[in-house]
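J.: Please take these sequences and the hints and turn them into a complete structure.
Chains as they are written, first to last, in our numbering: chain A, 19 to 211; chain B, 84 to 465.
Simulated from the structure, these hints should not be mistaken for laboratory data. As the structure is a computational prediction, the values presented were derived from the model and not from experiment. Using N, Cα and C, we set each Cβ at its ideal position, and we do this for glycine too.
What the simulated footprint calls covered on chain A by chain B, stretch by stretch (three residues with Cβ under 8 Å from a Cβ of chain B suffice, anywhere in the stretch; the number is not a length):
1. 37 to 51
2. 58 to 72
The following label-pair restraints were derived from C-beta to C-beta distances:
3. B/240 to A/199: 49 to 59 Å
4. B/176 to A/46: 15 to 25 Å
5. B/301 to A/207: 50 to 60 Å
6. B/427 to A/77: 23 to 33 Å
7. B/403 to A/46: 49 to 59 Å
8. A/79 to B/404: 47 to 57 Å
9. A/79 to B/426: 32 to 42 Å
10. A/79 to B/240: 46 to 56 Å
11. B/385 to A/127: 56 to 66 Å
12. A/46 to B/228: 51 to 61 Å
13. B/444 to A/207: 31 to 41 Å
14. B/145 to A/118: 36 to 46 Å
Given next are the chains, with one letter for each unit.
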Amino acid sequence: MTTHPEIKADQTLDCKGLACPMPIVKTKKAMDQLQSGQVIEVQATDKGSLADIQGWAKNTGHQYLGTIQDGNVLRHFIRKSSADEIKEEKKYPHTVTNEELEKKLGNVTVLDVREPAEYAFNRIPGAVSIPLGELEERLGELNPDDDIHVVCRTGTRSDLACQLLAEKGFKNVKNVKPGMYGWSGPTEKDFQI
Amino acid sequence: MTTASGLRPMAAGELTKIVLNKEELFILDVRNQSDFDDWKIEGESVEIINIPYFDLLDSVDQALEQIPSDKRLLVVCAKEGSSKFVAEQLVEAGRTNVSYLEGGMKSWSEHLEPVKIGDLKDGGSLYQFVRIGKGCLSYMVISSGEAAVIDTFRMTDVFERFAREQGATIKHTLDTHLHADHISGGRKLAEQTGATYWLPPKDATEVTFPYEKLEEGRDITVGNTKIKIQPIYSPGHTVGSTSFIVDDEYLLTGDILFIESIGRPDLAGKAEDWVGDLRNTLYNRYKGLAQDLIVLPAHFGKVTELGEGGRVMARLSDLYRDNPGLNIQDEETFRRTVTVNLPPQPNAYQEIRQTNMGKITPNEDEQREMEIGPNRCAVHDK
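T.: Here you go:
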């Protein structure tokens, strides 16, 4: 059996052996208790849960990240969204579009500030992963003179990251808008289902 | 767990009767949208809407607004659990006359309705088994205590029971071709009853089990009175596709000719190669047969093809007049019709072909899963 590297989730919900609709009913209840931005892992054996959890996430606005299959267990990862997340808020002035970044790939450092689970399932090839929450303590991993393009899903977290980097003396930082949401360029991921 | 009073299960057989009798029914399908768009219950007097159950977890108000209050209501999902869950809430909200589909779309896909097509000349009978949820048709020829089953479904117990009730022993199982949309029960039924399993040899080059070769000129008899099953080589849907003339009256066309459409040549990956065969079978071979033969296909695509009591049948001459697939005079237009813009291929069709060749042996749950969805063997199926 293949073993997968662990993906960090804030909560793991055991729905193994439960038939439809219970995996979604339990996921919804658990989600209500989470903070925006937190990631839940739902473990289910019902094959129908895959399409249903994707449909449910789409209709509720939560972010379906991906699914790993371990034997007969499906491990679904979902991130709780907040209402203001898809709203445009322009704070950091230097931005580039997805298309502009796509043209510059290979010549710039792409910094991905999303959660590890988001990064694992879908990312720009070669992107460096430092979640926003860890950025301040891990600044040493970055070179302040590099041309850094920061991405997240919708441009909100990357905006905060850009402000932090600028504050810490990074000169060439750009916020990529909107980010992975709507990214049509090349991607890579750790898992294949 | 509380049982919501007034809520009752509806079996697939009961739903079949409602569809065939064209009784009014309102269906709330609570599966996710992609499953619904792919395949759903259809009927001339059936009205159906889709609201996924996960949109009804907090409140069923949204559903109640869209459901007419005076109609009989059936809630449907994939297996049963979610439909029961939603139906209970609807009953709690005061809706009456609510049922859920017992066993969900899985049992709908498996239900078989036997209908008698007619009597045979020497006292036997021909029956059609309508698999209404999937649009598939099987046949049983019965004569003097013997039976032959054509294009047997996976649910072999239904055929065994039916033959027993008719006092007949199953002697032959025949497949018109190597199926790509459903798992054949022909081999299993033959093993269970000691019958002989017949396949067209050109479709069976890769099979892993012994079988008898269906060949022209090699007639099969059923019963003492020699009901003749005459194989006619009619390639096009597959290279081996074989039709049968039963009792000089019925033409079993397999997946070559349907009532409102014709077979598609692409399910074994050979569309371009087989177009010519398909054209020749439909526009020359069948033309040379008696035109008053009654055509009995292996599929239907639309509920409008269901006739009285659910029977799917038509006279060959009528099909030459009405079936669009038999009225494309230009060969190039024909080629495009059967190779370009075809409907999506049936669910898991490659795995189904492998199973029917004996190369893989999925368990029952996996087989059921592979067969989910419509048959999509015709050119004009959406």
